[in-house]
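Please build the complete structure, drawing on both the sequences and the hints.
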Amino acid sequence: MRLLVREALLSFKRAPLLSALSITTIAFSLFTIGLFGLVAINMRQALRGVESRVEIVAYILRGTPLESITTASQDIAAFPEVASVDYINEEQALAQAQAELVEFRDAYRDLAVNPLPASFEIRLKDGFRDAATVQAVADRVRGFGFVEDVRFGREWVERLDRIRAVAGLVGVVIGIAFAGAAVVIIGTTIRMAVLQRAREIAIMRLVGATNWFIRGPFLLEGALKGLLGGALSVTIAYAAYLLFRANASALSELVFFRPYHVGLGLLFGVAIGLGGSVVSVGRHLRDV
Amino acid sequence: MIRFSHVSKAYPKGELALKDVSFRVSKGEFLFLTGHSGAGKSTILKLLYAEQRPTHGEVRVSGFLVSSLARSEVARLRRRLGIVFQDFRLLEDRTAEENVAFALEVTGARADTVPTRVSRVMTQVGLASKMRAFPSELSGGEQQRVAIARALVNDPPILLADEPTGNLDERATRGVFQLLRDINAGGTCVVMATHNLELVRQTHYRTIELRGGEIVYDSAEEQPLEQEAL
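As you go down the protein sequences, you meet chains X and R in turn.
Okay, so the first sequence: first residue is 211 according to our numbering, each after it adds one.
Okay, so the second sequence: first residue is -12 according to our numbering, each after it adds one.
In short, the hints are calculated from the structure, not lab data.
Subject to a maximum C-alpha distance of 20 Å in a straight line, what follows is the list of computed EDC-like cross-link-like pairs (lysine to aspartate or glutamate):
1) K223/X <-> E85/R
2) K223/X <-> D80/R
3) K223/X <-> E79/R
4) K0/R <-> E38/R
5) K14/R <-> D142/R
6) K33/R <-> D74/R
Spelled out as structure tokens, the structure:
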């Protein structure tokens, strides 16, 4: 084990330029993935703000007894998709309209009879704000006899769904492409290291070192390069994040990765470092 | 110790490097393989350390059936062999001592035994005073001695030497050859491929001469009684 670590570290010392080059390449590949990830999580964050405004409004027939309304309100609140139900009576609706629709304030003030119906404002839980769920909840609410009409921004919900799907897909595709590129780059740098040490490997084989013994240091080296590259990419990404946040006031609400995202990123670096070395060392040892 | 039974080796293009070669080598024996370049000397050695596999026939070395050895067994076979080449094959960025220790370490020897075993074998090859020298600071003969020390450090019962004096001047050649004779006198079987007939004539060791992949002369066959005893 000590020998394994020593040989792996020696390779850094022997070829510092090559090692630095591979770590930097890994770092920039991961940084590109990270940058996209950062855009993705910030986009999700922004969408979440918009999503939380998705609500269903159920208008209630005039003259419905208060008991029925209370029971229905409790029923709807118990739906698994529903986060909250607010009952807005006629007076509150009018007050709200007067407050929000400034242009019509005068018209509302002179009314003899309040024309606005009472309603339920139903908000859905996080994760249930897609078009299909909204539609299903709306249909269920429509089932109550005293519900006159149900409204929700159907088109708006569907558009949100599409944006989310496209953003997710683009993220996955670009992520896979860059991860693939990173694996190839790491594989190539490890292969260069293997070729550079071909003589040493040949001698190791001659004196009876097992293939695993020969592979060990290269695999450790790949994993270490992946880890260092990952750490470097997190640093660059953080620097980029700070730079954006400092220079654009509109982006002041930008969020950075959570610690577990950073952990995942490092782990991903190790995985691609290891993957690249397994492939190139395996191929070379078969050739010899 | 070593047995070749009707061994042939064809290269991918179809030409034969060895044709129906059979011979045995006993424990503690010293064997010269002679012949011109391309006669098949190196092929025999490569078959012995499982660098190549025979196309036909059977090769047995130190209890291993090399002709059908699993890949994973190759490392175990090589730990029972010492191998020396014309070009020394030392690691330039390590000292003589580290080159020898490397061979022990990669075979998983206990770390606390390494320094003792290395200095013992360096003394045996006459380089106790140059353990810290890098290969570039050593003469050809000295480099070959380091290579021999590396081959011996695992106490192999068989030492294979492919033209070990091919790159050395006359004086160094004599020294290295004497070292191989001493090693053989200690009980190690030595198989040495060479085209230096001077060395062959100096001694009465068994000699197999190859030509075009075939054995054309085996000195052991002139002494049938001795062959029986083996």
